[in-house]
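*Asks:* Using the sequences and the hints, build the whole thing.
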Amino acid sequence: MKNKYKVSLITLLLALLGILSYLYFSHHTVAILQPRGPIALQERNLFLAALGLMLIIVIPVFFLTFYTVSKYKVGHTGKYKPDFDHSRLLEITWWIIPGILIIVLSFMTWRASYNLNPYKPIASKYPSLDIEVVALDWKWLFIYPRQGIAVVNHLVIPINRPVTFFITAEAPMNSLWIPQLSGQIYAMAGMSTELNIMATSKGNYYGSSANLSGTGFAGMHFETQAITPANFNNWVKQTKHSKLTLTYATYNKLDKNSINNPISYYKDPEPNLYTWIIKKYMAPGASLNSMTGMGM
Amino acid sequence: MEPIIAIPSAKSLKRQEKEEKNNKMLFGFWVYIMTDCVLFASLFATYAVLHNNVYNGPGGAQIFKLPYVLGETLLLLTSSFSCGLATISLQNRSKRKVISYFILTFILGLGFIVMELNEFHNLVLAHESWRRSGFLSAYFTLVGTHGLHVIVGLIWMAVMITRVSISGLTNNIVRRLKMLAIFWHFLDVIWIFIFTIVYLLGALHL
Amino acid sequence: MISYFANFWIGKLSIHQVPTNPITVGGIIIMVGLPLLIAAFLTYKKKWRWLYREWLTTMDAKKIGIMYIIVAFLMLLRGGSDAALIRVQQATSVGSSHGIISSSTFQQVFSAHGTIMIFFVAMGFMFGIINLILPVMLGSRDVAFPFMNSVSFWLFFGGMILVNLSLIIGQFSNAGWLAYPPLSELRYNPGVGIDYWIWSLQIAGIGSLMSGINFIVTILKHRCQGMTLMRMPMFAWSVLGSMSLVVFAFPILTVTLALLALDRTIGTHFFTAGGGGNMMMYVNLIWAWGHPEVYILVLPAFGIFSEVVSTFSQKRLFGYTSMVLAIWAIVLLSFTVWLHHFFTMGAGSNVNAFFGIMTMIIAVPTGVKLFNWIFTMYQGRIRLKNPMYWFLGFVVIFTIGGMAGVLMAIPPVDFQLHNSLFLVAHFHMMIVGGVLFGFFSGLLYWLPKILGFRLNERLGRYAFWCWIVGFLMAFVPLYILGMMGATRRLDHYQTSTGWHPLFVVAGIGVIIIAAGVAFQILQIIYSLITRHKLKDTTGDPWNGRTLEWSIPSPMPFYNFAILPTVNSRDPWWAKKYPKEEPGLQITNKEQPIYQDIVLPKNSSMGMLIAGFAFLFGFGAVWHIIWLVIAGLIGVIVSIIIRSTKEDTDYIIPAKEVERLDKQYRLEQGVQS
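So the protein sequences, as listed, match chains A, B and C.
Following numbering that gives the first Met the number 0 from start to finish, the first sequence increments by one per residue and tops out at 295.
Following numbering that gives the first Met the number 0 from start to finish, the second sequence increments by one per residue and tops out at 205.
Following numbering that gives the first Met the number 0 from start to finish, the third sequence increments by one per residue and tops out at 671.
Be a bit skeptical, because a hint or two may be false.
If you anchor each label on the Cβ, the simulated ranges turn out as follows [unchecked claim]:
no., chain 1, residue 1, chain 2, residue 2, range
1, B, 84, C, 347, 52 to 60 Å
2, B, 130, C, 649, 51 to 59 Å
3, A, 47, C, 13, 37 to 45 Å
4, C, 101, A, 16, 31 to 39 Å
5, A, 76, C, 38, 53 to 61 Å
6, B, 113, A, 246, 53 to 61 Å
Here are some of the chain C residues that sit facing chain B, going by a computed Cβ distance under 8 Å [stated by the list, open to error]:
no., residue
7, 208
8, 216
9, 246
10, 247
11, 251
12, 253
13, 261
14, 265
15, 266
16, 268
17, 277
18, 284
19, 635
20, 639
21, 645
Keep in mind that the hints were calculated from the coordinates and are not lab data.
Built from N, CA and C at the ideal position, the CB exists for glycine as well.
*Replies:* See the structure below:
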């Protein structure tokens, strides 16, 4: 009787949990499961495929564990073989079964590492839009060198056109992450990393720094606005009317520590600003190439 | 099926216990030496990563004076040789010889340290200290850590020389002298690597 | 001139370094008040001499083990309070509300939480349990180097004091538990927080390294007669694997911390941004230690489960040879995977793929161990006592966490999950579900051997269920939050993110875990009160298999009156249920032959050496040069003095051994 009571209580709790989760998830975005670009989409598919493969083994193991425990509890009437301690066949089996799973996963990993290398340009009929990203204490600076504008803590990109980020930092290490568009990559002083992304549908996507960089770290989030190319061009034009100009002097002002820096727009950034920032942390006279990225 | 445990006489038991203790200690010391190898390996790795980061400061070719370093090397190698001689005299239980060879080793090791400190001192005077660049930081730290080990070895040696002259070659002292000898030879081996990788390759611009 | 003088005597110390924030002050009051209370009690009871003689200066591995466990448990409470504070902050700091503590305090809290939980809780429990039981399991009277063991413990203790001192004077690191540069460099962190982190870990780390050497030699040289390597209990194998990792990994930590300290104190350029430093070298070095560290912790927990599962299934451990192979596979592989902690630094595809695949391969030996445990239970007679509950909890949580781990081993998937709360959930499931549950299981299993009575089962079950439910509630939401884009270490977030409800659920989870901890404390207190009812009268309360169950509980200080000789894997079981030949020959029944026992004398030098090391560390944190030098000289002189001491042992004559042994057996009613 008591057991029955327990079972119905647990069922009730589970049902409640189900309803609450349904209510919650119907109103909220689980970013990496709802990608809005090809890179994030492939990353999600990889995530789900690997998870599915593992569950094929893990679920039976769970059942096996609890079945064994309930069947061989003390007082059972089944066999009791206190000296049954090895079986070559069985042991080889369970070196091999997870082994096979790992081999399959390894192939997936190897291919995916190449296909989803953040440095790899995205094939498209449109040329890619270059954006230079600088992580500062504690804000993001996005420079659009071709368009001649720069924005703090706000990112605007056209849809269906590949975007290439060149990323550095004049701050402790940060990490640029817009989960609905792609995975992250570190932003490090004196180095330049790259990330290729593309948005395929309009929307506002949450972006942030994923690596602790000091007191104002929690404020280093920004909205990524993906809009149509026509709107993007309009936006660029508008921004070019901004009152602020990003000279070395205004950059140095911007570089000072600030928390929850408001969004601000700049026109005409110094053409070599990005390289200049990186070179501050490199040996005088060294060429930029020698420090670009970590591998490639 | 009665268990048969031979009961050794009290005296032989003692000897056996002593031997076991010595064995155990020496084995433990070897494990320690291995951890020290890992420590130096990490420092060598650091040096390998940073050795080109001269940051407009001098590189190895500009600051290393090979003849001087060769002098240091000879001092340390000779000290290792005399330490070996001391170990041989240890087998013969010759207290006087053990002391004199260790004193010789001590003097040679001290000479090495003085030379090294002098080298460092000159570099610092020339404004080529560890603050100058990643390369110099790695260089000073790697070579300095070895030097620090040599200093520890020298302190240990001084203590042991005193103890031998007071208490003679007791079991504990002999065991410790053996460990000291292992330590000293180990430092010699590390120095060979430093000499080759840091000084030779650095001076030759490789 | 005056300032120069002050600088010389007190370095960077000043009255302004004492915190005023109410939560910190509350913490200080508890942390200072509790020891004061204990001190007052000891004075009242006139127990100081007893404490000093019986505990602080002891060389007995069992007592050192208990001291480790007490410190670890206190630190669990400290680290747990930090965890609670993190959860409260994240559950309240949303939108216009900024929670209960400032960003900078919050960052110190999570840095302290991570540091304390790994170095002073997990490591503390691990060394505690090893000290407690390993020598006995091997049929030995002591560890190989009892004095070094005491030094190790006191260094661990000194490091612990230094970490906690940072709460009272100055501040702690705000750079996370691994203090990545350049955030941890002087330029971004001029205060003493990072220095506290460096020196407390350096001091405790050197202690751990010494313990590593000690236990390797103990296992290889201190086994009783007849115990070949392949007859060792699985726990001993797993400790051997773990300690091998210690001696290879901890020197790397020593170097890394030293280099960071040099950067901060004498201006070298190892990890600085600019000046020719390379910050990613730090990340490589720290993880070359850090990843093995995870296995250092989890291997002994695996070993504990092997003993627990086999004992409570009343069956031999299945696949002993596979288990040994799996341990060594894990040991080797754990040095080939460190790069998976920073796939996102932008290394090439093949580098990432290589480290990803190596990481996944570790899942194979781990899986093998799980299958072996299941088949140990298969066709056994399973008694579901407390330690088994923790094992089953481990299976569930560790497997879920392990799956998350394999997912993150795929570099492109890791790009999405790295540094998110998904990662936080993953490693808590591994370290808490794997390591801590293992140690809980081990403590419940072996404490009767130390205390002489079992712990109350019912309260233990309550504690377990609170832990499991609370743990799932606290960490499953974090998986989801991570997938929603929530990064770790946030002290504040926007309402529009929609994360708030999940953070609240996680907070409730922590409250339930706290109830679990309360039940654990209650379990100990209640068992202590009712100890006569729970008394272990046989020395073998679980129908055990290995040597520790062949002697009375609580264990005599000399462990074995007569050293055993074994000729099978589960010697005590084989003796109880003989088949062809007895597995254990403890003594000739008619005529036990007693011999003199040689044991190490107590010494206060371990405490002294660590005390000087602590002063050195404190001086280094605050740049008090005379204290640094004094501490260093103190350490060196103490070592020299100790090394000249010749009469470090004492002898219990055979007659006395015989008397003690008979008395013990009479009291305990243990048949020989």
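*Asks:* Could you run down the list of hints and mark each one as holding or not?
*Replies:* Hint check results:
1. B/84 / C/347: 52 to 60 Å: Holds: the Cβ-Cβ distance is about 53 Å, inside 52 to 60 Å.
2. B/130 / C/649: 51 to 59 Å: Given a distance of about 54 Å, which is inside 51 to 59 Å, the answer is holds.
3. A/47 / C/13: 37 to 45 Å: Distance hint for residue 47 of chain A, residue 13 of chain C is violated at roughly 56 Å.
4. C/101 / A/16: 31 to 39 Å: Given a distance of about 35 Å, which is inside 31 to 39 Å, the answer is holds.
5. A/76 / C/38: 53 to 61 Å: 58 Å, holds
6. B/113 / A/246: 53 to 61 Å: With a Cβ separation near 56 Å, residue 113 of chain B and residue 246 of chain A satisfy 53 to 61 Å, so the hint holds.
7. 208: 6 Å, holds
8. 216: 4 Å, holds
9. 246: 5 Å, holds
10. 247: It holds, given that the least Cβ distance between residue 247 of chain C and chain B is near 6 Å, below 8 Å.
11. 251: For residue 251 of chain C, the interface hint holds, since the closest Cβ of chain B sits about 5 Å away, which is under 8 Å.
12. 253: Because about 6 Å separates residue 253 of chain C from the closest Cβ in chain B, which is inside the 8 Å limit, the hint holds.
13. 261: 7 Å, holds
14. 265: Since chain B brings a Cβ to about 7 Å from residue 265 of chain C, closer than 8 Å, the hint holds.
15. 266: 4 Å, holds
16. 268: 5 Å, holds
17. 277: 6 Å, holds
18. 284: 7 Å, holds
19. 635: Holds - the Cβ of residue 635 of chain C comes within 8 Å of chain B, reaching about 7 Å at its closest.
20. 639: 5 Å, holds
21. 645: 6 Å, holds
Figure legend: structure checked against the earlier numbered hints; the only hint not met is number 3.
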